Structures are given as structure tokens and as C-alpha cells.
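Novice: Read off the chains here:
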Amino acid sequence: MAVDERKKSVWKRIGKQKQIQTFVWAGLLFLFVFNFVPMFGIIMAFENYSIADGVKGLFTSEWVGLKYFREFVNDYNFFSLIRNTLVLSLSKMVFTLPLPILLALIINEIRSRLVKRIVQTVSYLPYFISWVIVAGFCQLFLKSNGIVNNMLISIGSIEQPIAFMTGKQYFLPIAIFTACWKDMGWWAILFLSAIAGIDPNLYEAAEMDGCSRLKRIWHITLPGIKSTITVVLILSLGNLLGGGLGGSNFDQAWLLGNGGNSEVSEIIQTYVMKIGLSKGRYAYAAAIGLCQSIISVVLVFTSNFFSKKVSGDSLF
Amino acid sequence: MANYLATGRRRKRSREDWIIDTAVYLLAAIIFAICLYPFWLSIILAFNEGTDARTGGIYFWPRKFTLDNFKNLIDDPAWAKALLITFFRTVLGTTLIVLFTTTVAYGLSFVNLVGRKVYMSVMIIAMYFSGGIIPYFMVLRTLHLINNFLVYVIPSMLNIFYCMVAISSFQGIPPELGESARLDGAAELTIFAKIILPISKPMLATIAIFTAVGQWNSWYDCAFFTQNKNLRTMGYLLMAIINKASLANQSMDAYAASAASSTVTTMSVQLAAMIVAVGPILLIYPFFQRYIVSGITIGAVKG
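Residue numbers (this note's numbering), protein chains in the order written: chain A, 1 to 316; chain B, 317 to 619.
Think of the hints as simulated: they come from the structure by calculation, not from any bench.
Bear in mind the structure is a predicted one, so any value in this text is a computation, not a measurement.
One should not assume that every hint holds.
Said to hold, decoys possible - Quick list of in silico lysine-lysine cross-link-like pairs, DSSO-like style, CA-CA up to 27 Å:
hint: 1; chain 1: B; residue 1: K433; chain 2: A; residue 2: K309
hint: 2; chain 1: B; residue 1: K560; chain 2: A; residue 2: K274
hint: 3; chain 1: B; residue 1: K560; chain 2: A; residue 2: K168
hint: 4; chain 1: A; residue 1: K308; chain 2: B; residue 2: K433
hint: 5; chain 1: B; residue 1: K545; chain 2: A; residue 2: K279
hint: 6; chain 1: A; residue 1: K274; chain 2: B; residue 2: K545
hint: 7; chain 1: B; residue 1: K510; chain 2: A; residue 2: K18
As the list claims (entries may be wrong) - If you want the footprint, here are the derived chain B segments under chain A, 3+ residues with CB under 8 Å:
hint: 8; stretch: 334-346
hint: 9; stretch: 413-423
hint: 10; stretch: 443-451
hint: 11; stretch: 590-596
Every residue, glycine too, gets a C-beta built ideally from N, C-alpha and C.
With the hints as constraints, model all of the structure from the sequences given.
Specialist: Given below as C-alpha cells:
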């Protein structure tokens with residue numbers, strides 16, 4: 001009886017809210033189609049699936065189990081794909097995290113309010129342009145008679161221009177540099193707002209005690225933004241394979257990668273695109289993609305776990 | 317914003333202050349230059365004769381000023397069409413995303429909404445997990461969105477992150493504002509459109525700006541979800557040129573070979589295209605940059 005009563009009142013309450021419930025359900029329907037159906041669609045990785053069958057094919061295709069995963073492990077690209085993905089992700093992580101902190105500290109030490117504003121505004125401009133443009137800039141600066149080659153020749157450190165864009169040993173430095181260039185100012189905003197929240201009395205007290213400016217940065221500013229650093233670190237760990245903070249691995253590998261440097265620039269994400277959409281091997285590509293997703297999910301949960309432990313914050 | 321350095325102004329600057337200030341200003345100048353110079357160099361080279369630019373030595377100012385690169389671009393029907401497509405997708409996409417996302421957010425902003433906890437969990441799961449690009453492609457294909465202009469605007473209509481931002485913004489509005497209209501029997505959609513949206517303009521502007529920039533810059537959906545030449549966006553055309561050019565030697569110049577008398581080169585037209593692609597962003601940047609800081613800090617609070 002009591003349960004019935006409550007059930008009734010729930011339906012009554014929903015009835016009263018039917019307008020706002022409709023708004024929300026419109027959103028949920030959208031998520032079902034564009035997020036949850038694809039999540040379910042991952043079972044194509046275990047099937048002899050043909051894209052021509054559409055969503056229906058997921059139910060009718062022949063089950064092949066781990067066939068495609070075995071094929072991936074035996075793929076002659078397997079080790080280089082895993083290595084390239086990890087090397088690109090980790091090295092970008094190492095550089096893109098400390099630089100915004102450093103930039104925020106530098107901007108914070110500028111005395112003139114106007115200069116401070118100008119430098120900050122300019123520093124996050126690159127965040128708003130697309131990776132396509134960044135790749136265009138790279139070409140412009142690094143071409144055989146571009147500024148970088150001209151400069152290196154004029155100071156005499158090289159005699160022949162270097163083919164930066166196609167040399168495989170240059171891909172990683174270019175990727176790291178451009179990732180820093182593009183996202184440094186953006187993430188510095190976060191650290192600057194954290195610095196602004198530090199109690200100014202702490203600085204005054206430290207100054208009275210004869211604490212030098214560098215020491216104040218080291219003992220007050222940095223500890224003051226520690227929790228922000230933790231949160232950003234965890235966020236970027238969760239998206240490590242996507243390219244960390246900026247999530248730029250795919251764009252970089254696709255736009256800066258070419259026949260000359262593919263040995264180091266081909267990562268799992270670009271390989272999935274080439275195998276799936278260009279070669280039409282959808283089920284195999286989905287299996288490769290799933291391998292990366294599994295690692296990513298593990299990373300999201302691990303970083304969330306540490307986040308809860310370290311800062312008490314968690315993403316979910 | 318209180319600046320702790322201001323407290324030091326009364327006393328004399330020490331030697332340490334001089335050293336640190338000099339270093340800070342020097343670094344700030346370097347950062348300023350590194351961030352802006354690529355834009356500047358592209359602009360001056362886009363306004364310079366391409367054949368002349370190939371001889372090098374242009375760093376700060378155009379040597380042989382010309383508009384030919386841009387003329388060449390506009391005369392190319394592919395670029396003119398791409399510009400139009402990009403413009404339309406930006407306008408339509410931004411409108412759809414902002415309206416749909418905030419409508420859903422409005423519903424979710426009611427704390428007494430039945431099932432709210434479940435709905436929010438569904439949103440968060442959708443935010444962090446995905447089936448990957450291939451199953452996503454399958455869904456788009458089943459819905460006949462492949463090779464369809466709508467693929468640019470429909471699949472991105474609900475942005476969960478902006479939805480969270482909008483929810484917290486709506487929850488900051490006093491509930492009494494909509495209550496009297498509700499008692500008069502106004503529909504929720506009317507209350508939302510006539511009362512809630514008008515007072516949420518700064519939040520709407522923030523979401524709209526980020527969405528518009530994303531739409532304008534996008535090349536991914538065009539490259540992988542369409543093969544139709546009539547649907548090419550600027551981002552895609554640029555991507556195609558740049559990908560080809562990094563392999564091709566600069567001396568194998570398609571434009572120069574086709575018209576010996578012309579001053580344009582592949583590189584100079586590419587630069588003109590890049591300027592057309594970043595131009596609108598650079599032009600509105602001074603006006604929208606005040607929304608940016610609020611944008612990232614709302615996002616950070618939600619973390």
C-alpha cells in the first residue's frame with residue numbers, strides 16, 4: 001500500500017513537472033543516440049561486422065571473439081604505435097604542465113598592471129586558433145629557407161638547411177614546443193586565479209621577516225596553488241593518451257605527421273582513422289580504438305582515485 | 317585583484333628587486349614576441365608578393381605589397397564555397413548548441429526534478445566515456461549524416477561541459493523570478509525564453525564564443541565525415557594544402573609553374589588562406605577576451 005502511494009506520488013510529481021522533464025529527456029535522448037549507442041556499438045570489435053549493415057548489423061553479425069585483438073597484437077605496427085603514443089603523451093605531459101605554472105609566476109611578478117594584462121591576453125591567444133593554423137606556422141618557420149634555418153645558417157651551426165618537417169628526430173620537439181606554445185597561456189589563467197586567491201597578509205608578514213621575493217614565491221605562492229596543480233595534474237593524467245591538457249595528440253600526429261616522420265608520428269588514434277575510415281576495416285579499427293579506450297578508462301579511474309586521496313576532490 | 321607587490325612600493329627597491337624585475341620584464345617580452353610573431357609574420361607575408369617572398373629576408377614589414385594572394389583565393393570557387401559553408405556552420409551550429417544545451421540545463425537546474433540524480437550521472441558517464449570514433453561513425457552513417465551538412469551541427473548540439481556551466485549559472489538565479497509568471501500559467505518554455513535567458517547573457521556569450529571558435533576552426537568532421545566537395549570547410553582545405561606542402565619541395569610550385577607571370581606562390585596563397593581563417597578570431601579577440609577568464613574559471617569550479 002505504502003509503496004503504491006509513493007509510486008503514485010512520483011508519477012504525480014513527474015506529471016506536474018512534465019514540461020521541464022521534457023527538456024531533460026530531449027537531452028537524454030540525444031545522449032542515447034550520440035553517446036550510448038556508440039558505446040554499445042563497440043561490440044563490433046568482436047564481430048565480423050560490415051559498416052553497410054549499420055546499427056542493425058551489431059545484432060546480426062557473426063561473433064569472432066578476440067580475433068581482431070589478436071591481429072592487432074601481431075600487427076607489424078603494434079609496438080611502434082604503442083611506443084609512439086606513450087612517448088608523445090608522456091613527453092608532452094612533462095613539459096606542458098610546469099610551463100603554465102612558470103608563466104603564471106612570471107606574469108604575477110609583473111609590477112605594471114597594464115603590462116601584466118597585455119602579456120596575459122596575448123599569451124592565451126594561441127589557444128583559440130586551430131591546429132591547422134599552427135601546422136601552417138610550423139611550415140612557415142621551418143621550411144628550407146624559413147627563419148629558423150636562415151638563423152642557424154647565419155650563426156654557422158649548420159651549412160645545409162634542415163628538413164625539420166619531415167625529419168623524424170624533429171617531430172617530438174616540434175610537437176612539444178607547439179603544444180606548449182598553444183596551451184601555456186590558457187592554463188596559466190587557472191594558476192593566476194589561484195594565485196589571486198592567496199591571502200596577501202602572508203606576503204606582508206613574510207616581507208617583514210625579511211623574506212626575499214624568490215623565497216616568497218617558493219614558500220607562499222607555490223604552496224598556495226598546490227591544490228590547483230594537483231587538480232590539473234589529475235585532469236591531464238586522465239586524458240594522457242589523448243594528449244593531456246590540450247588533448248592535442250590526434251591533431252598533432254595528423255597534421256605534423258607525414259611520410260618522412262611516420263615512424264615516430266603514427267599513433268593509435270591516427271592509425272585507427274587510416275585503418276577504419278580510409279581502408280574500410282571498421283571492426284579491426286574499432287578493436288584498436290578499444291585498446292586505447294581501456295587504457296584511458298583505467299587512467300581516468302586511477303587519477304580519480306588519487307584525486308580523492310590527495311585533495312579530497314574527485315571528478316565523479 | 318590585490319597585488320602583494322603593491323605593498324612593497326613604499327620602501328626602496330632592493331638590488332634583488334632590480335634583478336627580478338629586469339628578468340621578469342625580459343621574459344614577458346620574449347613571451348609576448350613568441351606568441352604574436354607567428355601571426356605577424358604570416359600577415360606580412362600574405363600581403364607580400366609570393367615570388368618575392370621566396371627570396372627570403374622579410375621579417376617585419378612587407379617588401380612588395382600586394383593583394384594578389386587574397387584575390388587568388390577569392391577567385392578560387394572552392395575557397396569561396398568553403399568560406400560560405402564555414403560561415404553557415406558557425407552561425408547555425410552556435411545557435412543550435414547554445415539553445416539546446418541551455419534548454420536541457422534549464423530542466424536540470426531544478427533541484428526538485430524527479431530523477432535528477434540519475435540524469436546527472438548519465439550526463440557524467442557520457443562526458444567521460446565514449447565508444448570511440450568508429451562506432452560513432454557507424455551511428456552517423458545509420459542516421460544518414462555522412463556527406464550531409466547537418467553532420468557539422470547536429471551531433472555536437474548538446475555539450476555536456478557547457479551544460480554543467482549553464483546549470484550552475486541558472487541555479488544562481490533567484491527562483492522567485494520565474495514564480496509569478498508560473499502562477500499566471502505561463503509555459504516553462506516561455507519563462508525560460510523571456511525571463512531566464514535574458515538575464516543569463518554573460519554566460520550565453522561565453523558559451524557562444526567558445527562554440528563559435530570551435531565551429532569556425534573545425535576540420536575534423538569535414539575530413540572524416542564527408543567526401544562531398546560541396547561541403548568542404550576552410551579548416552579542411554587548409555589541412556589538405558598543409559599536409560601536401562610539408563612533403564612537397566618548395567621549388568615544385570604549382571602556382572608558379574602554371575602562370576609564370578603571376579606573383580603568387582602556393583605558400584603565399586596558403587598564408588592568405590590562413591589569414592582569412594584566423595582573421596575573424598583576431599578581430600573579435602579584444603572584445604571577447606573578457607569572457608574567457610570567466611569561462612575557464614566557471615569550468616574550473618565544476619572541475
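Novice: Need the list of violated hint numbers for this structure, in ascending order.
Specialist: The structure breaks none of the hints.
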